[in-house]
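S.K.: Sequence:
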Amino acid sequence: MRWTTYLIGAATGLILSAQAEAATVRVVEVITSPPRTDFLKKQFAEFEQANPGTKVELISLPWGQAFEKFLTMVQAGDTPDIVEMPERWVGLYGSNGQLEDLTSYFKDWPDYATLGDRAKELGSTVNGKPYMVPYGYYIRALFWNKKLFQQAGIGGPPKTVDDFVADANKIAALGNGKTGYCLRGAAGAFGGIQIFMDTYDGKPGYFNADGTSIFNEPGAVKGLQMLADLYKSGAAPKDSVGWGFNEIVAGFYSGACAMLDQDPDALIGIKEKMDPSDFAVAPMPLGPAGKAFPSLGYSGWAMFSNSKVKPEAWKVIAFLTSPKNNIEWSKFVGVIPIHNGADQDAFFKTDQFAGWFTELKDAEHFVLVVPPTYLENLGVFYDQMVPKAYQQVLLGQRTAQDVANEWAAFLNKEQQAYMAKKK
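The sequence shown begins at 1 in the numbering used here and counts up one residue at a time.
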């Protein structure tokens, strides 16, 4: 009896010890959609099977409120071990010392050998330290509906911004609820706004060499005004003033609007709803200077520096960003992969990716613009300031010049503060 009691006690102790040793890695997803969440769960299930001592807990935040909800979590001390990190958030959390420097982890990571130079560069925009591993690139190009263009008597996609405006208005003239441009007026709008403001101004990026913003220069204001004029003329859907990502994609595949500037991730929904022969992806139209300035965005995985399970958290990041898993992820969510050689995969050698690869290869006409992710309050600018002010311009409540001045003043202050710290 005593021996049986001893065995039971010993077994119980072993179980409790194993439970104590088991680690749970909390991961926050912020660019959330049901299919995407399911795909992540599938990858985490595979990770758990390969790492039986580690569990992954996934927390998915709705994208429209993700910035505020995640900030509230952090301010309350409820930080995860890993967060899906949009490029415009890394300045806020990296500059405040809240993210783990991944340098030491890279030293023992076999897959670092094939990690592309662009991924290494973009993951280290804050203080020159790799606070994140990008999982792919979002590059804007122009989706166009071949059927609607044909109905409007237009032979192909617009090559210049003047063509873009003319085509949008011609297609809107078809009537029956058809419009030319899938305008995004809500969260995430600045990606498209920046392209047209830069393209009309003939300058890449956000700042001049002296640190002053380009966004209230005459050309940039003209680009913002063009978007407002398209909306007011009916060349964009009336309710697009409140559209986010899902709405603009639905607007395109439903035929409500004929052109859409978006990243490869839009292909996911569009390919499910449209025959590939009915649409194509072209490079962004060129501006008066003969150039276009598509935005190069990215997201990735970052570890919080106060994590209690750092070795396990790194294993999760390394698993997600391995060449095999990264290319599967890239195909599913619609990003350009991070590892060298991925472009040779047959999936990416199709006409559907032609516009993006043209922009990547033709540096003379297409200058890719990376947001200033080192700025601490870039997320505040993107996700709080821009949508409200942009909607006011679209609705005629404020002038394009007034809003451009406000944006430039905010960015000037942020850039000057950053430059002062670097002295």
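Just so you know, these hints were derived from the structure itself, not from any lab. Don't take every hint at face value.
What the hints assert, rightly or not - Derived pair list, reagent style DSS-like, types lysine-lysine, alpha-carbon separation capped at 30 Å:
no.: 1; residue 1: Lys107; residue 2: Lys42
no.: 2; residue 1: Lys421; residue 2: Lys129
no.: 3; residue 1: Lys147; residue 2: Lys361
no.: 4; residue 1: Lys349; residue 2: Lys271
no.: 5; residue 1: Lys291; residue 2: Lys146
no.: 6; residue 1: Lys422; residue 2: Lys120
no.: 7; residue 1: Lys120; residue 2: Lys324
no.: 8; residue 1: Lys129; residue 2: Lys308
no.: 9; residue 1: Lys388; residue 2: Lys238
no.: 10; residue 1: Lys291; residue 2: Lys120
no.: 11; residue 1: Lys273; residue 2: Lys41
no.: 12; residue 1: Lys178; residue 2: Lys232
no.: 13; residue 1: Lys129; residue 2: Lys315
no.: 14; residue 1: Lys232; residue 2: Lys159
no.: 15; residue 1: Lys69; residue 2: Lys315
no.: 16; residue 1: Lys55; residue 2: Lys324
no.: 17; residue 1: Lys170; residue 2: Lys238
no.: 18; residue 1: Lys107; residue 2: Lys41
no.: 19; residue 1: Lys159; residue 2: Lys291
no.: 20; residue 1: Lys291; residue 2: Lys310
no.: 21; residue 1: Lys422; residue 2: Lys107
no.: 22; residue 1: Lys413; residue 2: Lys388
no.: 23; residue 1: Lys159; residue 2: Lys170
no.: 24; residue 1: Lys147; residue 2: Lys178
no.: 25; residue 1: Lys55; residue 2: Lys120
no.: 26; residue 1: Lys331; residue 2: Lys291
Stated by the list, open to error - Just the calculated beta-carbon pair ranges, DEER-fashion:
no.: 27; residue 1: Trp109; residue 2: Pro52; range: 15 to 25 Å
no.: 28; residue 1: Gln401; residue 2: Asn246; range: 29 to 39 Å
no.: 29; residue 1: His365; residue 2: Lys107; range: 14 to 24 Å
Every residue gets a Cβ at the ideal spot worked out from N, C-alpha and C, and that includes glycine.
S.K.: Could you run down the list of hints and mark each one as holding or not?
M.R.: Hint check results:
1. Under the criterion of a C-alpha separation no larger than 30 Å, the hint pairing Lys107 with Lys42 is consistent with the structure, at around 28 Å.
2. Distance restraint check for Lys421 and Lys129: the Cα-Cα separation of roughly 16 Å lies within the 30 Å cut-off, and the hinted pair is therefore satisfied.
3. For the hint pairing Lys147 with Lys361, the CA-to-CA distance comes to about 28 Å; that is within 30 Å, so the pair holds.
4. Restraint check for Lys349 and Lys271: satisfied, since their Cα atoms lie roughly 16 Å apart, inside the 30 Å limit.
5. Distance restraint check for Lys291 and Lys146: the Cα-Cα separation of roughly 24 Å lies within the 30 Å cut-off, and the hinted pair is therefore satisfied.
6. For the proposed pair Lys422 and Lys120, the alpha carbon gap of about 21 Å is at most 30 Å, so the pair holds.
7. For the suggested pair Lys120 and Lys324, the alpha carbons sit about 18 Å apart, so the restraint of at most 30 Å is met.
8. Only pairs whose Cα atoms come within 30 Å are accepted, and Lys129 paired with Lys308 is accepted, the gap being roughly 21 Å.
9. In summary, the hint linking Lys388 to Lys238 is supported, as the alpha carbons are separated by about 16 Å, within the 30 Å threshold.
10. Straight-line distance between C-alpha atoms of Lys291 and Lys120 comes to about 27 Å, which keeps the hinted pair within the 30 Å bound.
11. Note on Lys273 and Lys41: the hinted pairing holds, with a Cα-Cα distance of about 25 Å set against a maximum of 30 Å.
12. Of the supplied pair hints, the one linking Lys178 and Lys232 holds, its CA atoms being roughly 15 Å apart against a limit of 30 Å.
13. Annotation: proposed proximity of Lys129 to Lys315 holds, straight-line Cα distance about 19 Å (limit 30 Å).
14. For the hint pairing Lys232 with Lys159, the CA-to-CA distance comes to about 23 Å; that is within 30 Å, so the pair holds.
15. At roughly 26 Å between alpha-carbon atoms, Lys69 and Lys315 fall within 30 Å of each other, so this suggested pair holds.
16. Only pairs whose Cα atoms come within 30 Å are accepted, and Lys55 paired with Lys324 is accepted, the gap being roughly 21 Å.
17. A threshold of 30 Å between alpha carbons decides the hint, and for Lys170 with Lys238 the separation of about 17 Å falls inside it, so the pair holds.
18. Distance hint between Lys107 and Lys41 is fulfilled; the C-alpha atoms sit about 28 Å from each other, no more than 30 Å.
19. Distance hint between Lys159 and Lys291 is fulfilled; the C-alpha atoms sit about 10 Å from each other, no more than 30 Å.
20. With a C-alpha separation of about 45 Å, the suggested pair Lys291 and Lys310 falls outside the 30 Å cut-off, and the hint is violated.
21. Note on Lys422 and Lys107: the hinted pairing holds, with a Cα-Cα distance of about 28 Å set against a maximum of 30 Å.
22. Taking the CA atoms of Lys413 and Lys388, the gap is near 20 Å; set against the 30 Å cutoff, the hint holds.
23. A hinted pair counts as satisfied when its Cα atoms are at most 30 Å apart, and Lys159 with Lys170 qualifies at roughly 15 Å.
24. Restraint check for Lys147 and Lys178: satisfied, since their Cα atoms lie roughly 12 Å apart, inside the 30 Å limit.
25. Between Lys55 and Lys120, the direct Cα distance comes to roughly 28 Å. Compliance with the 30 Å bound is thereby established for this hinted pair.
26. Among the hinted pairs, Lys331 with Lys291 is consistent with the structure: their alpha-carbon atoms are about 29 Å apart, no more than 30 Å.
27. Checked against the given bound of 15 to 25 Å, the beta carbons of Trp109 and Pro52, roughly 21 Å apart, stay inside it.
28. In this structure the supplied range 29 to 39 Å holds for Gln401 paired with Asn246, their Cβ-Cβ distance being about 31 Å.
29. Between His365 and Lys107 the C-beta distance comes to about 40 Å, which lies outside the given range of 14 to 24 Å.
Hints 20, 29, counting from the list given before, are not met by this structure.
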